[in-house]
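Chain by chain, the residues:
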Amino acid sequence: MKSVDARHLLCPLPVIRAQDAVATLQAGDSLEVLCTDPGVIHDIPAWCRVHGHEVCAIDEQEETITITIRVGSH
Amino acid sequence: MSEPHKAVALISGGLDSLLAARVMMDQGVHVEGINFYTGFCVEGHTHAIRKKDRARPKRNNALWVAEQLGIKLHIIDIIEEYKDIVINPKHGYGSNLNPCLDCKVFMVNKAREWLDAHGFDCIITGEVIGQRPMSQRRDTMPVVARESGADDRLVRPLCAKNLPPTRPEKEGWLDRDKLHGYSGRSRKPQMALAAHYGFEDYAQPAGGCCFLTDKQYSVKLADLWATRGKREYDLDDIMLLKVGRHIRPGPHYKLIVGREEGENRFMEGYRKRFVHMLPTSHSGPLVLLDGEPDDDDIELAARLTARFSQGRDAECVTVEVTGKDGESRALAVKPYPAGQVPADWYI
Numbered sequence: 001m002k003s004v005d006a007r008h009l010l011c012p013l014p015v016i017r018a019q020d021a022v023a024t025l026q027a028g029d030s031l032e033v034l035c036t037d038p039g040v041i042h043d044i045p046a047w048c049r050v051h052g053h054e055v056c057a058i059d060e061q062e063e064t065i066t067i068t069i070r071v072g073s074h
Numbered sequence: 001m002s003e004p005h006k007a008v009a010l011i012s013g014g015l016d017s018l019l020a021a022r023v024m025m026d027q028g029v030h031v032e033g034i035n036f037y038t039g040f041c042v043e044g045h046t047h048a049i050r051k052k053d054r055a056r057p058k059r060n061n062a063l064w065v066a067e068q069l070g071i072k073l074h075i076i077d078i079i080e081e082y083k084d085i086v087i088n089p090k091h092g093y094g095s096n097l098n099p100c101l102d103c104k105v106f107m108v109n110k111a112r113e114w115l116d117a118h119g120f121d122c123i124i125t126g127e128v129i130g131q132r133p134m135s136q137r138r139d140t141m142p143v144v145a146r147e148s149g150a151d152d153r154l155v156r157p158l159c160a161k162n163l164p165p166t167r168p169e170k171e172g173w174l175d176r177d178k179l180h181g182y183s184g185r186s187r188k189p190q191m192a193l194a195a196h197y198g199f200e201d202y203a204q205p206a207g208g209c210c211f212l213t214d215k216q217y218s219v220k221l222a223d224l225w226a227t228r229g230k231r232e233y234d235l236d237d238i239m240l241l242k243v244g245r246h247i248r249p250g251p252h253y254k255l256i257v258g259r260e261e262g263e264n265r266f267m268e269g270y271r272k273r274f275v276h277m278l279p280t281s282h283s284g285p286l287v288l289l290d291g292e293p294d295d296d297d298i299e300l301a302a303r304l305t306a307r308f309s310q311g312r313d314a315e316c317v318t319v320e321v322t323g324k325d326g327e328s329r330a331l332a333v334k335p336y337p338a339g340q341v342p343a344d345w346y347i
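Protein sequence lines correspond, in order, to chains A and B. Under the working numbering, read the first sequence as residues 1 to 74, first letter to last. Under the working numbering, read the second sequence as residues 1 to 347, first letter to last.
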């Protein structure tokens with residue numbers, strides 16, 4: 001699974017990093033985004049909804065938030 | 001059935017761009033949104049910094065608009081390219097360091113490049129003649145269209161009837177009669193249109209969408225340029241201008257003093273880049289020292305740090321000072337008297 005490290009970036013930069021990574025993937029691929037800004041818990045799912053991607057999991061461990069996305073059709 | 005015509009809308013997250021896109025969708029146009037991140041945007045991350053703001057419902061308003069409209073939103077990082085707009089605006093600044101006209105030209109030009117790359121037909125903005133003193137005037141709106149290269153492919157649905165027909169109107173696939181003729185600073189027509197469409201809970205930014213329109217922020221940015229002797233910045237610089245008290249006892253360094261827990265937490269992410277201070281005998285703020293302070297400056301900074309701690313009235317406060325190399329030492333200092341901090345030290 002492809003992974004993007006967006007830790008210590010503030011929204012909307014983690015969203016942009018996720019967006020740029022998703023653009024390189026195919027439908028059905030998965031992407032893991034590592035973040036620290038709690039704003040991603042709202043913003044990345046919102047971005048996924050408008051683009052038709054699926055958030056499979058949001059995992060919060062200490063300061064790191066890991067969001068797993070399954071890519072929809074572009 | 002033929003393919004619908006396609007438009008890319010500049011989506012700021014505010015009401016006007018929401019309505020402009022919706023008006024076009026009413027005419028069967030396929031709309032996708034584009035949102036530019038300059039680093040100066042009030043939108044987004046800055047809501048999360050101060051603790052008092054954390055209780056507010058948190059959302060990215062541009063994404064919220066896209067969801068309301070059911071359109072895709074492409075968020076574009078223009079931090080690096082945007083520096084030239086801030087540092088060398090061809091059309092100058094507004095009342096602060098806001099290069100609004102250059103900014104609008106730049107963003108419409110970026111949207112035009114996107115439009116050309118993706119085979120779209122026109123660009124939509126939520127501009128209204130007379131709404132803003134610099135970029136949305138009758139004489140500057142043609143400048144945006146011309147200098148961006150968008151020309152008659154730039155459609156302003158909210159004030160289109162006050163402007164010459166655009167290419168979509170001339171080609172007959174956009175009905176001018178169904179566009180609007182708003183002008184001036186009143187928000188009532190937009191609010192009525194929002195009610196017509198059933199939009200509620202839209203963003204109502206009090207101070208505009210950009211920190212460069214803020215007087216205090218602009219003063220801090222001008223100070224940063226003046227003391228460095230060059231008009232440059234990086235993303236960390238402009239982020240740190242948004243937080244803390246900025247106190248400059250000398251031209252070669254300044255203190256950034258966290259004002260509350262949220263700011264202290266935010267500033268913790270920058271500790272390794274700066275000499276920094278934290279009171280240990282009393283609770284108090286995290287303080288970053290930006291510049292090249294010498295030993296005397298560090299002692300003065302420690303006294304100022306103590307002044308903003310709970311030990312401000314104590315005889316002695318212990319302040320931990322950590323260098324950029326990560327080495328820490330304790331300084332026992334007398335707090336700087338609150339009433340004696342010169343007013344002109346505050347940026």
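Mixed in with the good hints, there may be bad ones.
Stated by the list, open to error - For lysine-lysine, the following DSBU-like pairs were computed, each having C-alpha atoms within a straight-line distance of at most 35 Å:
1) K161(B) <-> K242(B)
2) K2(A) <-> K110(B)
3) K170(B) <-> K2(A)
4) K188(B) <-> K6(B)
5) K2(A) <-> K90(B)
6) K110(B) <-> K170(B)
7) K178(B) <-> K2(A)
8) K242(B) <-> K2(A)
9) K2(A) <-> K161(B)
10) K188(B) <-> K2(A)
Keep in mind the hints are simulated off the structure, nothing from the lab.
Here is what the structure says about each hint:
A threshold of 35 Å between alpha carbons decides the hint, and for K161(B) with K242(B) the separation of about 40 Å lies outside it, so the pair is violated. With a C-alpha separation of about 29 Å, the suggested pairing of K2(A) with K110(B) holds against the 35 Å cut-off. For a cut-off of 35 Å, the pair hint linking K170(B) to K2(A) is broken: about 47 Å separates their Cα positions. At roughly 29 Å between alpha-carbon atoms, K188(B) and K6(B) fall within 35 Å of each other, so this suggested pair holds.
Pair hint K2(A) plus K90(B) does not hold up; C-alpha atoms about 42 Å apart against a cutoff of 35 Å. Between K110(B) and K170(B) the alpha-carbon distance is near 24 Å, which keeps this suggested pair within the 35 Å criterion. With a C-alpha separation of about 47 Å, the suggested pairing of K178(B) with K2(A) is violated against the 35 Å cut-off. The hinted pair formed by K242(B) and K2(A) meets the criterion: a straight-line CA distance of about 34 Å does not exceed 35 Å.
Restraint check for K2(A) and K161(B): the C-alpha separation of about 49 Å exceeds 35 Å, so the hint is violated. Restraint check for K188(B) and K2(A): the C-alpha separation of about 48 Å exceeds 35 Å, so the hint is violated.
The earlier numbered hints that this structure contradicts are 1, 3, 5, 7, 9 and 10.
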